[in-house]
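Undergrad: Read off the chains here:
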Amino acid sequence: MDKRITIQNMNKFYGKKQALFDINLTIEQGMFGLLGRNGAGKTTLMKTIAALHKKKSGEVTVCGVPVEKAKKIRAMTGYLPQDFSMYPNMRTDEALDYLGALSGIPAQERKKRVDLLLEKVNLTEHRRKKVKELSGGMKRRLGIAQALIHNPEVIIVDEPTAGLDPEERIRFRNLLCEIAEDRIVILSTHIVGDIESTCEKIAVMDEGRILWKGTVRELIQNASGHIYTANIEKQYMAQIKKEYIVTGMVAQADYITVRLVSDAEPDLPNAVLTEPDLEGAYMYCLHANGCKVKGGEE
Amino acid sequence: MLFGLECRKIFRSAAFWIYCVLSVVFFATNYIGSYGGPLYDGVEGYKMTEDHDLVMSGATNVLFGEYASNKYVCYPFGFYKAVHLKESDQKRIADYLMEITGTDEKGFEGLLGQGTECHVMAGFQEQLEYMYEDMPVAEGFSYDRFTEIMTDVDNLLGGGSEYDPEKLLYYYGQVPMTEEECQAEHEAFIKDDRITGGFARLFSDYAGIDLAILPVFPAAFLTAADRKRRMHELVYTRNVSSCKLVFTRYAALVFTMFIPVFFEMIAALIQAMIQYKGQDLDMGIMFTLPTFWLLPILMCTTAAGVLITEIFSAVTAIFAQVVIWFLTVMMSSNMLVGQIGKFTLVCRHNSAGERAAFLAAQDNFIFSRFFWAAVSLVIIAAAAAVYEAKREGRFNGFKLFGEGGLLRRQA
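Protein chains in written order, with our numbering: chain A, 993 to 1290; chain B, 1069 to 1479.
Isolated chain A, as found in the complex:
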């Protein structure tokens, strides 16, 4: 069985407005990160893969099945939207059981899977709680459990860590890595830290286009020679923010140590070429592709 998602020359319109431009992408087993700003087209792309949106042109196949065959796609895909909830008065296990029933799982098997998944997402002790009583992190974990209930080959998660506290975020990332061992997991996010700690392969999107695709290491290498650190006196910070893309600042006693993106060596005292991190590499990628970047500028 072909365990890949392939997208070829795919275009998508909302009415007359084009949302995705000539997308070409191959996603293989394991974690795949889709990184981009809000409104970059990540959700549209993922909904198209999940057969929730119709593409205008091009080809999309999920494990060899064209997305036009919606019923088959639904059977092999688990989807966790960014903005979701469940019936608030349902118990946690009931909500999972109901969605399992909608996936056509027989009652006996459903019971086993509900128990197993609640255990996996660490919600067993909260199974009798109503959905409305769960915290944001618990709801997200329940969301992942529902996406896994029918044991799909592909899991698509959209901005899953938005609004979670650091502990829940780490727990959620680890959970995603666990479930990606034997399936494709697409993680869409604008949070670089999520990608950094979970994905090896990524694509960077902006304004409906794929700007870059490859491994995290390659993206970082790509930015090599363009990330600098410099110690700047506080009164010059406003000027620096106007002239450069600032990706990080650490306040010292008399000055600020800044990390910034620059095509050439910046005309700053103490400017030192430094090893890029993923955040800087991502900002450089946007900058190199002509996107308007507001790194540090207010």
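It should be emphasised that the hints constitute simulated quantities derived from the structure, not laboratory data.
Heads up, the beta-carbon is just placed ideally off N, CA and C, and yes, glycines get one too.
Check each hint, because a few of them may be wrong.
[What the hints assert, rightly or not] Examples of chain A residues toward chain B, derived with CB under 7 Å:
| hint | residue |
| --- | --- |
| 1 | Ala1067 |
| 2 | Tyr1071 |
| 3 | Tyr1090 |
| 4 | Leu1094 |
| 5 | Gly1096 |
[What the hints assert, rightly or not] Keeping only pairs whose Cα atoms sit at most 16 Å apart, straight-line, the calculated EDC-like set for lysine to aspartate or glutamate is:
| hint | chain 1 | residue 1 | chain 2 | residue 2 |
| --- | --- | --- | --- | --- |
| 6 | B | Lys1235 | B | Asp1350 |
| 7 | A | Lys1046 | B | Glu1301 |
| 8 | A | Lys1046 | B | Glu1456 |
| 9 | B | Lys1296 | A | Asp1075 |
| 10 | B | Lys1077 | A | Asp1089 |
| 11 | A | Lys1063 | B | Glu1456 |
| 12 | A | Lys1063 | B | Glu1301 |
| 13 | A | Lys1048 | B | Glu1460 |
| 14 | A | Lys1131 | A | Glu1160 |
| 15 | B | Lys1259 | B | Glu1197 |
| 16 | B | Lys1235 | B | Glu1255 |
| 17 | A | Lys1193 | A | Glu1210 |
[Unchecked claim] Computed far set for chain B versus chain A, every beta-carbon distance over 10 Å:
| hint | residue |
| --- | --- |
| 18 | Glu1118 |
| 19 | Glu1216 |
| 20 | Thr1305 |
On the provided structure of chain A, position chain B as indicated by the hints.
TA: Structure of chain B alone, referenced to chain A:
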């Protein structure tokens, strides 16, 4: 089983319990409250005949009275409306009355002078009206020509008048029953209907009015619930087919909303058993006839609620159903017995007796039940198609109100 899970979901919704409360309140006030004592305790009844002379005479008397007062009572869409005609239209009515009575202008004036003055209250004002009796119909005047004239008069009045040829027999063909006929009617109630048969019709008549409107509330709210709860994308990406999901949810809605009706049937049966203690009652018919009568109404109201909610919104579905309810129920509100057409959704028979009148319309009644049940299934199939289109992102519903709504006034 998905059906069971959907039923459980409905039992947990406030909309369902509000529906139950309203259904029981309507039943208690309209049915139980109205029939506290036994029927046929010496009350005289009326029967409908096809006596064309009687009909022509009755309608002519009334038309004389309304012409003389220039006040024609109509019920367009079931609502009272007093129509006042302009001079040229009054002249046409006068010409028709002369043709019917076979008189010239002088003779007509003479007949017009025979009216009895009566003062009636219209709101807070007293009005002078005229009543006529025994106005002559010309010798050999044909009923066909009479109905032609009545059709034109009804059109002149804007419809909904008592001169509508389809309603002429109902309004003017009624005669008091003789004592023997009353006795026969009573016997039919006791022996043929075995009492509960009559009450089953009466119960169905009342319950049908409620079921033509109340089910739209749970249907609309529960259909819109997935989107309102931001759960629709979790459901859309499931393996279940749209057809299976929509039909199962529909079946669960119809099943659960029939439960209070079922308990009302039991209550109506108990009431009949108390009132007619010791008599031979037909227990089964109190369940079979109302089920056959009411289920298509419930199915249709629910299906329409689901489809309109899928296409537009829950609010639009409720608004549309209220309009349909007024049109279907109020239009038949002044013809309450035996007037069941082939395509009547809310059949009316506001009487525990008059079995013969009901039986006369039995073929239409049976046809209408199957017809509306079939229509309901077609509607729900359409709802499944709309659901699938929304699921695949081909259709996102029409918005009527609010920002970007189709009915939003352009600035």
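Undergrad: Against each hint, give a clear statement of whether it holds in the structure.
TA: Results of checking the hints against the structure:
no., hint, verdict
1, Ala1067, "holds, 5 Å"
2, Tyr1071, "holds, 4 Å"
3, Tyr1090, "holds, 5 Å"
4, Leu1094, "holds, 4 Å"
5, Gly1096, "holds, 5 Å"
6, Lys1235/B to Asp1350/B, "violated, 33 Å"
7, Lys1046/A to Glu1301/B, "holds, 15 Å"
8, Lys1046/A to Glu1456/B, "holds, 12 Å"
9, Lys1296/B to Asp1075/A, "holds, 12 Å"
10, Lys1077/B to Asp1089/A, "holds, 12 Å"
11, Lys1063/A to Glu1456/B, "holds, 11 Å"
12, Lys1063/A to Glu1301/B, "holds, 14 Å"
13, Lys1048/A to Glu1460/B, "holds, 13 Å"
14, Lys1131/A to Glu1160/A, "holds, 11 Å"
15, Lys1259/B to Glu1197/B, "violated, 46 Å"
16, Lys1235/B to Glu1255/B, "violated, 28 Å"
17, Lys1193/A to Glu1210/A, "holds, 9 Å"
18, Glu1118, "holds, 58 Å"
19, Glu1216, "holds, 56 Å"
20, Thr1305, "violated, 4 Å"
Hints 6, 15, 16 and 20 from the list above are not met by this structure, while the remaining hints are.
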